[in-house]
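Enquirer: All chains, please: the whole structure from these sequences, using the hints.
Residue numbers (the numbering used here), protein chains in the order written: chain A, -15 to 237; chain B, 40 to 208; chain C, 1310 to 1736.
Treat the hints as calculated values from the structure; they're not laboratory data.
These figures come from a predicted structure and were not determined experimentally.
Wrong hints could be hidden among the right ones.
Simulated restraints, written as ranges between beta carbons of each label pair [stated by the list, open to error]:
| no. | chain 1 | residue 1 | chain 2 | residue 2 | range |
| --- | --- | --- | --- | --- | --- |
| 1 | C | L1534 | B | I189 | 45 to 51 Å |
| 2 | C | I1376 | A | E164 | 38 to 44 Å |
| 3 | C | E1515 | B | R166 | 58 to 64 Å |
| 4 | B | K130 | C | E1375 | 31 to 37 Å |
| 5 | A | E145 | C | T1646 | 57 to 63 Å |
| 6 | C | H1618 | B | R94 | 22 to 28 Å |
| 7 | A | R47 | C | D1373 | 53 to 59 Å |
| 8 | A | R22 | C | L1534 | 53 to 59 Å |
Note that beta-carbon positions come from the ideal geometry of N, C-alpha and C, so glycine has one too.
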Amino acid sequence: MSVVPNPSPSNPPPRQTETAAGRLSPVTALSLAQKLQRQFEGLISEPTEFRAEFSLQISNLQRISEICSFAKTELGFDYLVDMTSLDHYGEDPRFTLVYHLYGYGHLQYVRLKGEVSEETAEVPTVTGVWRTADWHEREIYDLMGIRFKGHPDLRRIIMWEGYPYFPLRKDFPLSGRPSEMPEVAFTQQAPLAGGPFVTIAGGKDTISREPRVRIPDTDAIEMNSRLERRRDIKGAHGEARAPGPIQPKKERA
Amino acid sequence: MQTQTEIGYNSKVEGDVVVTRVDAALNWFRKNSLWPMPMGLACCAIELMAAGASRFDISRFGAEVMRFSPRQSDVMIVAGTVTYKMALAVKRIYEQMAEPKWVIAMGACASTGGMYRSYAVLQGVDRILPVDVYVAGCPPRPEALLDALIKLQNKVAKEPILSMLKKVA
Amino acid sequence: MPELLEIQIPDAAGRASQAAQELPERVKSNAEEVADLPTEKMVLNMGPSHPATHGVLRIVLELDGEIITKATPDIGYLHRGDEKIAENMTYTQFIPYTDRLDYLAPLANNVAYVLAVEKLMGIDKQLPQRCQFVRVICCELARISSHLLGLGSYAMDVGAITVFLHTFTEREKVYNLCESLTGARFTTSYTRIGGLARDLPPGWAEQCRKFCHEVVVNINETETLLSRNRIFVDRTQGVGVVSRQDAIDYGLSGPNLRGSGIEHDLRKTQPYLIYNQLKFEVPVGSAGDCYDRYLVRIEEMRQSVHIIHQCLDQMPGGPVNVPDGKVVLPPKDRVQTRMEDLIHHFINVTQGVNAPPGEIYFGHENPKGELGFYINSKGGGTPYRLKIRSPSFVNLSILPRLLPGHMMSDVVAVLGSFDFVMGECDR
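Expert: Take a look at the structure:
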């Protein structure tokens, strides 16, 4: 799907900037995204647009390093703004990695997304392309548990070495789990008193969004089973997930 | 033997007059020169710095000498969220402080974990340290911190200091 | 007329400098004897509790004499689990947590977060003009306040303790403004999705203008204390040089990036709110050392004052919230008399604003750098994933590359010039 973006305060009109080749040409986020997609035909999906931002879905993250070097050297994306991970608990593949790229020359953003399954949970590193990915990847490893092949120093950065869990996963409760490492650190479960008393993301109606009882340990499981049931029932309200999947997700057996 | 806070002649306890005066005098010295060890961890540290700056002068109360060395300080002001990763460092520093020492838990996070009920936050520094004064607020105004300091001073003034020294000796 | 005799009495400094000049000869003669002495590198822990690390940062330094050979920062001592908390809070309930990210400039974080949520919801174009002007004033006040504290504590660490007291006096004035505007000195939680918590109180604009006039005087004073101060210049010039390539590669942003000569400011390149209507300049350094970063911050403060003046001059009247009951809480008198508004109020408070499914990234020019929010929503009132791209986290990643080769005493100068906040770094 390709949409010409409308000029607006959050999406300025295409800039006449000097490209790496030294020619003046209109460079938009869409054109850059399309160039990237055409270079890796079959590996990257067509750009999808939401709120004037373009996302590209990568079907095989094992080639992410190649894609990123091309983006940096040929398309001028010399700044890795952010790297994130998402946990779709209960779906397979479980994790999604999101890369936000930006170029100081053409001042455009693009987003790359790829999926990582729980069994492999390993992706090649992009620290060879941008040195800033070093700490981003360490943080993703620390909080989500995805390993990065070829990373110079993959160890925990936010929690301490030897912490046994990956906190940002959906099956890890907000209140935490007890752990003990003598002389280093300890954790205890925080008293949540049955809370947090807020709505759960997703879910079309109040019943699925605000269950009567929330048990922290089974929260994610509760939520996802509700989302699954809803997905089975409805097809019309099909925007349950972020746009742009390249393959239909496999249902949990 | 009652510890009197006022340094005055009281004929009823004439036999203990000298001891009482020394007691009160020593406590008076102590309370008016509490040197804080600012365990400034998060946002409350900024209000702690503001309390030390010129508008809410903490040096009026004798406490502007913010000694970052635990060996030279009297009161540890735990200002900010104590995470589990930081907890052992805070405890170690507390143990390095010389007696007598006191602790002020400044702010909601230090008192009870505050609004961070999560896997990484120690729900109150009193789980690892004995706290003397809790200050509510997020962050507490510098005036609240000064109020806590005054409360601590009143607590210090009532301590039966000489009897404690005799016990230790 | 008696003859004037010149007598040279070398003081301690003079004798030391003479000795320093003679040192090379002595060392040279000892060099062969010293060369085969076994030396060990010392590992020094600049612990989480340290007066000059600006929060709870731990750096493990490997020293060869005075020179650092390896530096390993250890962060996470203030990790409070904000991102996981965000998955369990509605968008409005998360606003107080954003205050405490970069706790030196809470208003800026509030604005950044709310802009991100509004972008997700698609109502950022419907914001009333007055709201946008007030938000810009909030951001710039936060910038001034953050730089004041950054410079004050930087100067204090480097040795000039008076500057700290000077800048804190001005910060107290900002606190007064914040207090009359939002109710809190600091940790303001002022913005709401679709607008602001409340409008400007009467007389606030005049107070703000008066503050702007006073703060410029104070900035000039600070500059006279520091910019040509021999000790300050010696400690900061040529120290902590970040090359252009390194700055881009390591993802630096904000004054750290501009100090290295890259002219990039999100207010100009990705304009949001009404920044494209305002005239201001973006200071850019050339050498990439600590002194340049300091100069960039001083000039940014002056530009912020300029921006605030323009905003106050051009401030329109009108409402301050988006007129949509589903997003903004309706006024209380309507809530208590009309059914529809009561329902809007109830749903807004209990379930939160109904964001559409989708994902956005919004980067905001915070005083520390680019504060970005990546929100992935599956619909409903809470985000599915909220990632906070914090500038301090990324700025600190350059330390293992930057510090080796410097002396131990330069570490403090470098850390202060980066002006990071651990609350933001660890989230």
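Enquirer: Against the earlier hints, flag every one the structure doesn't satisfy and list their numbers going up.
Expert: 1, 3, 7
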